[in-house]
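Enquirer: Here's the letter readout for the chains.
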Amino acid sequence: MRRQAVAAGVSALAILAAAPAIAEIRIGASLAVTGPAAFLGDPEAKTLEMLVEELNANGGINGEEVELIVYDDGADPNKARTFATRLIEEDEVVAVIGGSSTGATMAMAPLFADYEIPFISLAGAVVIVDPVQEFVFKTPHTDRMACEKIFADITARGLSKVGLISGTDGFGASMREQCLDVAEGSGVEIVADESYGATDSDMTPQLTNIAATDGIEAIVNPGFGQGPAVVTRNYAQLGLELPFYQSHGVASDAFLDLAGEAAEGLRLPATPLLIPDQLAEDDPQRQPVQDYIAAYEEKYGEKPSTFGGYAYDAFHLLVDAIERAGSTDPVDIRDALEATEGHAGVTGVYSFTPEDHMGLDLSAFRILEVADGGWKPVEE
Amino acid sequence: MSELLQFLISGITVGAIYAAIALGFTLIYNASGVVNFAQGEFVVIGGMTAAALIGAGVPVWIAAPLAVIAGMLVGVLLYRLAIRPAGQAPLVSLIIITIGASIFLRGAMQAVFDKQIHRYDGFSGDAPLRVGGATILPQSLWIIGGSVAVFAFLAWFLNRTRAGRGIRATASNRMAAALVGINTGRAMNLSFALSAAIGALAGVLATPVTFTSYDVGVLMALKGFSATMLGGVGSPLGALAGGLLIGLIEALTAGYISSDYKDASAFIVILLVLFLRPQGLFGARIMERV
Numbered sequence: 001m002r003r004q005a006v007a008a009g010v011s012a013l014a015i016l017a018a019a020p021a022i023a024e025i026r027i028g029a030s031l032a033v034t035g036p037a038a039f040l041g042d043p044e045a046k047t048l049e050m051l052v053e054e055l056n057a058n059g060g061i062n063g064e065e066v067e068l069i070v071y072d073d074g075a076d077p078n079k080a081r082t083f084a085t086r087l088i089e090e091d092e093v094v095a096v097i098g099g100s101s102t103g104a105t106m107a108m109a110p111l112f113a114d115y116e117i118p119f120i121s122l123a124g125a126v127v128i129v130d131p132v133q134e135f136v137f138k139t140p141h142t143d144r145m146a147c148e149k150i151f152a153d154i155t156a157r158g159l160s161k162v163g164l165i166s167g168t169d170g171f172g173a174s175m176r177e178q179c180l181d182v183a184e185g186s187g188v189e190i191v192a193d194e195s196y197g198a199t200d201s202d203m204t205p206q207l208t209n210i211a212a213t214d215g216i217e218a219i220v221n222p223g224f225g226q227g228p229a230v231v232t233r234n235y236a237q238l239g240l241e242l243p244f245y246q247s248h249g250v251a252s253d254a255f256l257d258l259a260g261e262a263a264e265g266l267r268l269p270a271t272p273l274l275i276p277d278q279l280a281e282d283d284p285q286r287q288p289v290q291d292y293i294a295a296y297e298e299k300y301g302e303k304p305s306t307f308g309g310y311a312y313d314a315f316h317l318l319v320d321a322i323e324r325a326g327s328t329d330p331v332d333i334r335d336a337l338e339a340t341e342g343h344a345g346v347t348g349v350y351s352f353t354p355e356d357h358m359g360l361d362l363s364a365f366r367i368l369e370v371a372d373g374g375w376k377p378v379e380e
Numbered sequence: 001m002s003e004l005l006q007f008l009i010s011g012i013t014v015g016a017i018y019a020a021i022a023l024g025f026t027l028i029y030n031a032s033g034v035v036n037f038a039q040g041e042f043v044v045i046g047g048m049t050a051a052a053l054i055g056a057g058v059p060v061w062i063a064a065p066l067a068v069i070a071g072m073l074v075g076v077l078l079y080r081l082a083i084r085p086a087g088q089a090p091l092v093s094l095i096i097i098t099i100g101a102s103i104f105l106r107g108a109m110q111a112v113f114d115k116q117i118h119r120y121d122g123f124s125g126d127a128p129l130r131v132g133g134a135t136i137l138p139q140s141l142w143i144i145g146g147s148v149a150v151f152a153f154l155a156w157f158l159n160r161t162r163a164g165r166g167i168r169a170t171a172s173n174r175m176a177a178a179l180v181g182i183n184t185g186r187a188m189n190l191s192f193a194l195s196a197a198i199g200a201l202a203g204v205l206a207t208p209v210t211f212t213s214y215d216v217g218v219l220m221a222l223k224g225f226s227a228t229m230l231g232g233v234g235s236p237l238g239a240l241a242g243g244l245l246i247g248l249i250e251a252l253t254a255g256y257i258s259s260d261y262k263d264a265s266a267f268i269v270i271l272l273v274l275f276l277r278p279q280g281l282f283g284a285r286i287m288e289r290v
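Chains F and V, in that order, give the protein sequences. Going by the working numbering, 377 is the number at position 377 of the first sequence; the sequence numbering is gapless. Going by the working numbering, 61 is the number at position 61 of the second sequence; the sequence numbering is gapless.
Everything labelled a hint here was simulated from the structure, so no lab data went into it. Note that the coordinates shown come from a computational prediction; the quantities given were computed from them, not determined experimentally. Glycine included, each C-beta is placed from N, C-alpha and C at the ideal position. Don't take every hint at face value.
[Said to hold, decoys possible] Simulated pairs of lysine to aspartate or glutamate, DMTMM-like, Cα-Cα distance not exceeding 20 Å:
no., chain 1, residue 1, chain 2, residue 2
1, V, K115, F, E355
2, V, K115, F, D76
3, F, K303, V, D114
4, F, K303, F, D76
5, V, K115, V, D215
6, V, K115, F, D282
7, V, K115, F, E53
8, F, K376, F, D282
9, V, K115, F, E302
10, V, K115, F, D253
[As the list claims (entries may be wrong)] Short, incomplete list of chain V residues facing chain F, as computed with Cβ under 10 Å:
no., residue
11, I17
12, A52
13, G255
14, Y256
The whole structure should be built from the sequences, with the hints applied where relevant.
Expert: Okay, here's the thing in structure tokens:
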């Protein structure tokens, strides 16, 4: 039954993508569905496809059907730019979601100012919204906020001397820089700063050095993919007992599987997606989080990821803006998007302003601790 | 002092993985003169197959041999379907064929397995052993033991057995080998099968420590190839020494200088060695007679 539904969805999409549109409102997306960033683009595309189907089944936006056009840019900035041009000129979309990666996003961004089409990026870096570009928005929080959140938790525990062990990949390197940048303002001191290659298989030398640093009180590991799981295992192998923090980059159940028992007790900043049943009844994010997880599991038979959540929020923000604008003129949609106030998504509660096109504050991150092989929110 | 010991343990563990991969390169090179760039994919096939089987509930002592056999079969297929049909094509063409095969295998693995990162528990558990203030994982001992065993097997096989000597003769001069009655086709076939099995074994042993995913083969092959070059192409002793040396250089650089220079320092040593001793540390000086 489920497989049939998926197959029907896929073929329907193929037809939609190929045939000229019958639908009234067209939304475009350029995502890294395959290639090195497929772990981002794949759940994002699945989420958007699911949401469009759901929306049309419920009567579309203000009675008009929505058509989604997804292109696979494979995280290649050149392709992304080509697809963005095609979406705007040939497919005549009213808005574009996407850019799974920062590179693809930044390659596309200038086009939207030229054509005056609103664009919601799903990529992480601060540069996308700082400085603010009139037509560019984004839904994920930044790595800078992750650092601030981690450091706030460290100082709340009465600690201040921090050792960093960062991956040298794009994610790790960017977050390391942001952490170094915000450390002083957050009341922590970086006393050790080590790195590792993203595919290295043993980080015990770096951890040994950090543990031997004078006065060290906590370890933070900005990284992505398998590196943090190796670091976590090495940390347990060395028998270290310092408070240990991972980043939002590994906030997934897959990380728990890889790191195993070694992960017990570590903390990380994450979206509420990981703790759907532990959210307070009056938490504004409880409803969207539970809806998203239920719908995604029903349709695809697997748990949604944080990245799919970024697409979920982008789509709902956009639909909300089109409904409020009461028009399908891209500039009206943009204006309505910028006026978004208190929109509860799965990633956080969004309030856009002309100066802030990301719209999240630190409360969007929850500090979670690994306990008994699961996630437990840390009381603030 | 315990720090130095920890760095050494780390270096030897990682080095033993490089060495196991390098030993796989050695065998095919010995048979055909081909540097097989799909060697990293054999490592991944070993690791992914074992992970899939263990994930499906197969006990590790059955899954591990099956994974090695799966790797071996792919090795034979690679030879039969891609290398042998190329016939007397020049070496460079054969090497390019292996690069193509590696890209194909990487794509096939995405479809056969998935794009996730996998691991399974160490063969003897994951509780670290304490050695004089430092710690070592039991799986590291498996990896080190496996590499040494493969080395010993290869050294014995290539020098002491008829089939092994046949492989070396085939590489040295295929026509002359055929003239003296060596079945060169079988020698090539055997070398691809064994080489793939060695690669898959490296993957099976290393996955609990390094994890595996469909795309790690390239980096594995790069490190293993570096170890092969450093030790001397074609020498099992060279592959073992080269692998351990690179692992140790990386760990000691990360420990005492800076983790940023870890890869650079390994490559600087390789360049220096190749500059001063182009045949590698243990390689035989090859004379091409025209």
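Enquirer: Output the indices of the hints that this structure fails to meet, ascending.
Expert: Result: hints 1, 4, 6, 7 and 12 break, sorted rising.
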